[in-house]
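Chains as they are written, first to last, in our numbering: chain U, 93 to 343; chain E, 672 to 787.
Warning: the hint list may mix true and false statements.
[What the hints assert, rightly or not] Chain E regions said to be covered by chain U (calculated; three or more residues, Cβ under 8 angstroms):
(1) 677 to 684
(2) 699 to 706
(3) 717 to 727
(4) 734 to 742
(5) 748 to 761
[Stated by the list, open to error] Just the calculated beta-carbon pair ranges, DEER-fashion:
(6) E:G746 to U:Q198: 30 to 38 angstroms
(7) E:A759 to U:P265: 20 to 28 angstroms
(8) U:A337 to E:T676: 49 to 57 angstroms
[Unchecked claim] Pulled a few chain E residues facing chain U out of the computed Cβ check, cut under 7 angstroms:
(9) M672
(10) V694
(11) I770
(12) V772
(13) G782
(14) I785
(15) T786
Treat the hints as calculated values from the structure; they're not laboratory data.
Because the structure is a prediction, the values reported are computed rather than measured.
The beta carbon of each residue, even a glycine, is placed where N, CA and C say it ideally should be.
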Amino acid sequence: MATAAPRWAHVTTQGHAYRNGIFDCLSIPGFILLSTAAGFGALARDAGFSLLNAVTMMATFYALPAQVVMVDQLARGGSVLAGTFSVLITAIRMLPMVVAIMPQLQAPRRDLWRQTLAVHGVAVTGWIEGMRRLPAVPSHVKLSYFLGLGGGLVGVTVLGTIIGFEAAGSLPPLLSAVLLFLTPIYFLLSMLATIRGVSEALPVVFGCALGPVFFLVAPGLDLLLTAVIGGGAAYAIARFRRSAAGQGGGT
Amino acid sequence: MDAATFMASPVGLLAILAIALFVHEPWRWLGLYVGNSLPAGSEVFEVVRFMATALVAGLVMRLVLFPAGALENVGLAVRLTALIAGIALFFAFRRHLGIGVFGAAAVLVAGQLITQ
Numbered sequence: 093m094a095t096a097a098p099r100w101a102h103v104t105t106q107g108h109a110y111r112n113g114i115f116d117c118l119s120i121p122g123f124i125l126l127s128t129a130a131g132f133g134a135l136a137r138d139a140g141f142s143l144l145n146a147v148t149m150m151a152t153f154y155a156l157p158a159q160v161v162m163v164d165q166l167a168r169g170g171s172v173l174a175g176t177f178s179v180l181i182t183a184i185r186m187l188p189m190v191v192a193i194m195p196q197l198q199a200p201r202r203d204l205w206r207q208t209l210a211v212h213g214v215a216v217t218g219w220i221e222g223m224r225r226l227p228a229v230p231s232h233v234k235l236s237y238f239l240g241l242g243g244g245l246v247g248v249t250v251l252g253t254i255i256g257f258e259a260a261g262s263l264p265p266l267l268s269a270v271l272l273f274l275t276p277i278y279f280l281l282s283m284l285a286t287i288r289g290v291s292e293a294l295p296v297v298f299g300c301a302l303g304p305v306f307f308l309v310a311p312g313l314d315l316l317l318t319a320v321i322g323g324g325a326a327y328a329i330a331r332f333r334r335s336a337a338g339q340g341g342g343t
Numbered sequence: 672m673d674a675a676t677f678m679a680s681p682v683g684l685l686a687i688l689a690i691a692l693f694v695h696e697p698w699r700w701l702g703l704y705v706g707n708s709l710p711a712g713s714e715v716f717e718v719v720r721f722m723a724t725a726l727v728a729g730l731v732m733r734l735v736l737f738p739a740g741a742l743e744n745v746g747l748a749v750r751l752t753a754l755i756a757g758i759a760l761f762f763a764f765r766r767h768l769g770i771g772v773f774g775a776a777a778v779l780v781a782g783q784l785i786t787q
């Protein structure tokens, strides 16, 4: 690739690209993810999780919203089945994220096994970083690079979970509160980071406005209702704006 | 299985693995399959992406407005002020994630220390 960044100029081996991916976890998003995972560790301990179960959930789900929803529901006295249903609903958002990144995760010869491993690294942070960095990576090592990045980020979250879990009991209450607060603010700003234009902002605004209402009216179904009604309405308006702009013969 | 068993026993560990493998991860595999076989830009995925975004936004507000654990002890006004300050800092510093997140955290600490 002629426009490849200098750091990619001499990368010819898959192993080198893989190590570059791991190295890129030592970054601001990596550090925020470490703190966020620490917040999850603290939350899991608060709820009554063992360290092993909390770490296993972190590494195998590797999707903080699903984990937080499940832990939160269990902590409030909800059943495991209801929590599992929430995970099923929350995980649907993985589908479009993975679809969107797949053009960047092609190997010279289709490699389903490594692709299957790679898509486990798709969560908010891995997705944003992948979409941002992969275009500059030479195409024959893109998949290896993302395997390194995704694997490294999973490792970061496991480390963060352990730190948060172990520190939660001994931390001042205010610091524990801050750790718990990092999760929602990070999610919100990560979503805002990818927004371009009014239409893209609509699902965030509608979700923020309707989520609390549905939580009070129909707790347990609130996230599903927020997704279908809030997201659906946002899409309808975005679509209307697009077709209106199209009929105007303008931009 | 009750919540306590799920959260802190070897049986719960197996349940977590099963949910990850059979409930959570298949959505990634489905995305892999669709992304490999269909052309990008289908309207269906635009709809699903909007719904997913609204869902996470709803979760954000739930965690801020109705928190569980230590965050409960921080007043609602302080939590909302910190959230808004984080958004403002984020945009003021050209969508800098670190400044937004840790700025919000700093405001939360300051607000709690002032109001206590």
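Results of checking the hints against the structure:
Counting residues of the segment 677 to 684 of chain E whose C-beta lies closer than 8 angstroms to any C-beta of chain U gives 6; at least three are required, and the coverage claim holds. Chain U is given as covering the segment 699 to 706 of chain E, and this holds because 7 residues of the stretch bring a CB closer than 8 angstroms to a CB of that chain, at least three being needed. Here the segment 717 to 727 of chain E counts 11 residues with a CB under 8 angstroms from a CB of chain U, which clears the bar of 3, and the coverage holds. Coverage of the segment 734 to 742 of chain E by chain U holds in this model, with 9 residues showing a Cβ closer than 8 angstroms to a Cβ of that chain against a need of three.
Check on the segment 748 to 761 of chain E: 6 of its residues sit with their Cβ under 8 angstroms from a Cβ of chain U, so the three-residue criterion for coverage holds. At roughly 50 angstroms, the beta carbons of G746 of chain E and Q198 of chain U sit outside the given window of 30 to 38 angstroms. Separated by about 26 angstroms at the C-beta atoms, A759 of chain E and P265 of chain U satisfy the suggested range of 20 to 28 angstroms. For the hinted restraint 49 to 57 angstroms between A337 of chain U and T676 of chain E, the CB-CB distance of approximately 55 angstroms keeps it satisfied.
At its closest, the beta carbon of M672 of chain E sits 5 angstroms from a beta carbon of chain U; the interface hint therefore holds under the 7 angstroms criterion. Interface hint status for V694 of chain E: upheld, as the beta-carbon distance to the closest one in chain U is roughly 5 angstroms, under 7 angstroms. Proximity of I770 of chain E to chain U is violated relative to the hint, the smallest CB-CB distance being about 9 angstroms (cut-off 7 angstroms). With its C-beta approaching chain U no nearer than about 5 angstroms, V772 of chain E sits inside the 7 angstroms limit, and its interface hint holds.
Contact between G782 of chain E and chain U, as hinted, is not supported at the beta carbon level, the nearest pair being about 11 angstroms apart and thus beyond 7 angstroms. With 7 angstroms as the threshold, the beta carbon of I785 of chain E stays out of range of chain U, its nearest partner Cβ sitting at about 12 angstroms, so the hint is violated. Because the beta carbon of T786 of chain E sits about 12 angstroms from the nearest beta carbon in chain U, more than 7 angstroms, this interface hint is broken.
Comparing the model with each numbered hint stated earlier shows that hints 6, 11, 13, 14 and 15 do not hold.
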